[in-house]
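Got chain A; can you put chain B on it based on the hints?
Protein chains: 2
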Amino acid sequence: MERRTNAGGFVSTLDFWFEFGSTYSYPAAMRIGDAARAAGVTVRWQPFLLGPVFQSQGYAQSPILEVPAKAAYMWRDLARLCGKYGLGWQQPSHFPRTSVLGARIACSYADAPWLENFVHAVYRANFAEDRDVGDEAVIAACLRTAGQQAAAVIAHATSEAERPRLRAQGVRAAELGLFGAPSFVVNGELFWGQDRLEDALAWARR
Amino acid sequence: MERRTNAGGFVSTLDFWFEFGSTYSYPAAMRIGDAARAAGVTVRWQPFLLGPVFQSQGYAQSPILEVPAKAAYMWRDLARLCGKYGLGWQQPSHFPRTSVLGARIACSYADAPWLENFVHAVYRANFAEDRDVGDEAVIAACLRTAGQQAAAVIAHATSEAERPRLRAQGVRAAELGLFGAPSFVVNGELFWGQDRLEDALAWARR
Numbered sequence: 001m002e003r004r005t006n007a008g009g010f011v012s013t014l015d016f017w018f019e020f021g022s023t024y025s026y027p028a029a030m031r032i033g034d035a036a037r038a039a040g041v042t043v044r045w046q047p048f049l050l051g052p053v054f055q056s057q058g059y060a061q062s063p064i065l066e067v068p069a070k071a072a073y074m075w076r077d078l079a080r081l082c083g084k085y086g087l088g089w090q091q092p093s094h095f096p097r098t099s100v101l102g103a104r105i106a107c108s109y110a111d112a113p114w115l116e117n118f119v120h121a122v123y124r125a126n127f128a129e130d131r132d133v134g135d136e137a138v139i140a141a142c143l144r145t146a147g148q149q150a151a152a153v154i155a156h157a158t159s160e161a162e163r164p165r166l167r168a169q170g171v172r173a174a175e176l177g178l179f180g181a182p183s184f185v186v187n188g189e190l191f192w193g194q195d196r197l198e199d200a201l202a203w204a205r206r
Numbered sequence: 001m002e003r004r005t006n007a008g009g010f011v012s013t014l015d016f017w018f019e020f021g022s023t024y025s026y027p028a029a030m031r032i033g034d035a036a037r038a039a040g041v042t043v044r045w046q047p048f049l050l051g052p053v054f055q056s057q058g059y060a061q062s063p064i065l066e067v068p069a070k071a072a073y074m075w076r077d078l079a080r081l082c083g084k085y086g087l088g089w090q091q092p093s094h095f096p097r098t099s100v101l102g103a104r105i106a107c108s109y110a111d112a113p114w115l116e117n118f119v120h121a122v123y124r125a126n127f128a129e130d131r132d133v134g135d136e137a138v139i140a141a142c143l144r145t146a147g148q149q150a151a152a153v154i155a156h157a158t159s160e161a162e163r164p165r166l167r168a169q170g171v172r173a174a175e176l177g178l179f180g181a182p183s184f185v186v187n188g189e190l191f192w193g194q195d196r197l198e199d200a201l202a203w204a205r206r
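In order, the protein sequence lines correspond to chains A and B.
Residues in the first sequence are numbered consecutively from 1, following our numbering.
Residues in the second sequence are numbered consecutively from 1, following our numbering.
Hints listed in this document are in silico derivations from the structure and should not be mistaken for laboratory results.
All of these numbers come straight from a predicted model, not from anything done at the bench.
Note that beta-carbon positions come from the ideal geometry of N, C-alpha and C, so glycine has one too.
Just so you know, not all the hints are guaranteed correct.
Said to hold, decoys possible - To spell it out: a stretch of chain A is covered by chain B in this simulated footprint if at least three of its residues, at any positions, have a beta carbon under 8 Å from a beta carbon of chain B; those stretches are:
1. 60-69
2. 72-84
3. 174-188
As the list claims (entries may be wrong) - Below, a list of computed lysine-lysine pairs in the DSSO-like style, where the Cα atoms sit at most 30 Å apart:
4. K70/A with K70/B
5. K84/A with K70/B
6. K84/B with K70/B
7. K84/A with K84/B
8. K84/B with K70/A
9. K84/A with K70/A
Excised from the complex, chain A in its bound form:
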């Protein structure tokens, strides 16, 4: 990712906390790269798992699924948002899907120049193509889309040496008080929800 300086001459960074199974993380993940580059803000990709977060809150699943009318609204809202942002959309036949493998890869290769393309491919698979991103074959296809040798990347990301990274992300998320995704953290300031992306970028440029 190209590094630019903002009007003040210093490099601003934004931590983007995302989960591959999270609906609203999808438009955020697709939009953040271009929006941040236009704003001169550097994105740090911070994959994490929401399951432990919800469990720590006493929920067995995403709180939005606890209220049927709210869950139904979420699907309609997602379809409209994807239309607004020009993103493909197909309501997943299974929800939530998680991708621990995808998250491990994103942890191990957070700074790789191809990571953004991989993230896009995984979200498209889940929310535009209704494919099971928990399936290693689907993740391998996403890696190839990002120009990578799937087998080598997967072997590295799932190695004993690399596996603690995802657990450490969970510890860090808890320390930050994250309660959902997507979340943006800028200089200690938390923004929650894909509709706060622009506010978070504006904060990074203050």
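Only chain B this time, still in chain A's reference frame:
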């Protein structure tokens, strides 16, 4: 409120469902009048009470208060949003406050030209001045701010003939499947949350 026609030549209307105790209804209520007039959309003010909605979902209070980290975020988010929109902000010393009296007045005078000013005054009292909008004296002051004879308005809005209006709003909200506030309904399309105001107005102009 002045009626205008949009590009298609017909008058678009937007139902604005709000609750005086709702934090995120505050910026929505303050912004919607000007935004709708600029868009050529007519607002129908739809006051309702959230308490029965949350109870029907199995919650004793707003779901956002069930997770302490999320409640803390809400206050910070509100302070930032009010800064962004140029609105006064003071975190209420008591939350949630409800104003059944304010809601009854808004029901009885939904079409009055002064209603918007009254609504603004009540929200300012609650969220910018930390005053108890459940107190009749505070509501009376809000009516005077809107240029009204407080005693006469209160006597009418709380009369036996008028009291069924607020209950009917609750029935209608349930029929519409509303699960929170603010909510915008445009031609049967539901938008939830103050950050969807612009999307709802755009939908009304389609």
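K70/A and K70/B were given as a pair; does the straight-line alpha-carbon distance stay at or below 30 Å?
Roughly 17 Å separates the two Cα atoms, so the pair holds.
Run the distance test for K84/A versus K70/B: straight-line Cα separation, threshold 30 Å.
Between K84/A and K70/B the Cα gap is close to 27 Å, so the pair holds against 30 Å.
Hey, K84/A versus K84/B, does the alpha-carbon distance stay inside 30 Å?
With a Cα-Cα distance of about 23 Å, the restraint between K84/A and K84/B holds, given a limit of 30 Å.
Is the coverage entry for the segment 174-188 of chain A by chain B consistent with the three-residue Cβ rule at 8 Å?
holds (count 4)
Taking only the CA atoms, is the gap from K84/A to K70/A under or equal to 30 Å?
holds, 20 Å
Under the criterion that the straight-line Cα-Cα distance not exceed 30 Å, is the pair K84/B, K70/B satisfied?
Since the Cα atoms of K84/B and K70/B sit roughly 20 Å apart, the hinted pair holds (cutoff 30 Å).
Do at least three Cβ atoms from the segment 72-84 of chain A come closer than 8 Å to Cβ atoms of chain B?
holds (count 6)
Taking 8 Å as the Cβ threshold, is the statement that the segment 60-69 of chain A is covered by chain B upheld or broken by the three-residue rule?
holds (count 4)
Given the hinted pair K84/B and K70/A, is their Cα-Cα distance within 30 Å?
holds, 27 Å
The structure shown violates none of the earlier numbered hints.
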